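Peer 1: Sequence:
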Amino acid sequence: MTALYRESAGRGPPLALLHGWGMNLRLFDGLRAGLEPHYAVTAVDLPGHGRSAWTPGRSPAQQLESLAAALPQDALLVGWSLGGQLALQLAAGRALRVRALVLIATTPRFVRGPDWPHGLPAEVLERFAAQLQSDPQRTLEEFLELQVRGSAEPAAVLAELRQAVQTRAAPPALAAGLAMLRDNDLRELARGLTVPTLVIAGQYDRVTPPSAARALSELMPHAQCLALPRAGHAPFLSHRQAVLEALLGAEQTLLTPAAQS
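Numbering-wise (my numbering), the sequence shown opens with residue 1 and increments by one.
Among the hints, erroneous ones may be present.
Stated by the list, open to error - Per label pair, the in silico range of CB-to-CB distance:
no.: 1; residue 1: Ala130; residue 2: Asp74; range: 36 to 44 Å
no.: 2; residue 1: Asp135; residue 2: Gln224; range: 39 to 47 Å
no.: 3; residue 1: Gln73; residue 2: Glu145; range: 34 to 42 Å
no.: 4; residue 1: Asp183; residue 2: Arg240; range: 25 to 33 Å
no.: 5; residue 1: Arg206; residue 2: Ala242; range: 14 to 22 Å
no.: 6; residue 1: Arg11; residue 2: Asp183; range: 36 to 44 Å
no.: 7; residue 1: Gln163; residue 2: Ala3; range: 22 to 30 Å
Keep in mind that the hints were calculated from the coordinates and are not lab data. All of these numbers come straight from a predicted model, not from anything done at the bench. For each residue, glycine too, the CB sits at the ideal point set by N, CA and C.
Produce the entire structure from the sequences given, and follow the hints as far as they go.
Peer 2: Following this line, the structure appears as structure tokens:
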């Protein structure tokens with residue numbers, strides 16, 4: 001199994017960070033600076049993203065297994081967007097013990113359906129997938145711009161997103177990630193997941209609307225939802241202090257007996 005690239009720093013209980021589609025761990029640098037005085041923080045590049053290699057022919061389950069091997073046990077697991085879906089799957093599996101979850105801009109189902117009005121139209125992802133074959137750079141740029149719509153300080157957030165993706169993800173990893181976002185429906189998985197969970201949503205998120213975060217938190221037996229005003233899809237960039245405070249308070253909020261009852 002090819003080891004994934006990761007960085008670890010800080011002191012305290014373990015906390016792990018999972019980024020989203022097309023990104024890499026550099027996106028969390030500002031957030032990590034605020035977390036490391038309180039936690040032993042591990043950030044990982046997903047398979048085929050950043051400095052992690054993509055292994056052709058491996059199934060999504062095998063890619064998830066390699067991700068679990070790169071993460072600390074008993075961590076507060078923080079996932080953003082696609083990373084949040086991966087965090088849900090890891091928490092439901094046997095390879096990784098997860099103490100608690102924080103899911104940022106995460107939905108159990110990315111695509112809209114008859115019984116799920118909280119997603120994007122399927123044709124949006126189909127267009128991204130088709131365009132990815134001919135112009136990966138344009139596809140990623142359009143996705144970055146979608147993430148900052150409605151956000152406070154959109155130009156600054158877009159600049160940080162662009163800076164983080166200077167190390168390009170492998171095209172096969174991008175295609176596999178889009179397929180996961182198209183096909184994943186984690187609602188039943190979420191219903192059976194008893195890990196204490198905080199779901200953080202951006203009020204003006206155009207990628208995963210806040211209604212999806214509320215619906216996800218209602219599916220899960222031990223989940224709470226926090227909506228951040230004037231935030232888009234990347235609130236840890238536009239509202240870094242608010243997200244940091246939520247993460248620092250998550251241990252007490254989620255892991256006390258009252259929160260789990």
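Peer 1: Confirm or reject each hint.
Peer 2: To see whether the hints hold, each was checked on the structure:
At roughly 42 Å, the beta-carbon separation of Ala130 and Asp74 lies within the given 36 to 44 Å, and the hint holds. Asp135 and Gln224 have their C-beta atoms about 41 Å apart, which keeps the hinted 39 to 47 Å range intact. For the pair Gln73 and Glu145, the supplied restraint of 34 to 42 Å holds, since their beta-carbon distance comes to about 38 Å. Separated by about 32 Å at the C-beta atoms, Asp183 and Arg240 satisfy the suggested range of 25 to 33 Å.
The supplied range of 14 to 22 Å is met by Arg206 and Ala242, whose beta-carbon atoms lie about 19 Å from each other. Restraint check, Arg11 to Asp183: a C-beta distance of roughly 40 Å satisfies the suggested window 36 to 44 Å. Against the hinted window of 22 to 30 Å, the Cβ-Cβ separation of Gln163 and Ala3 comes to about 25 Å, which satisfies the hint.
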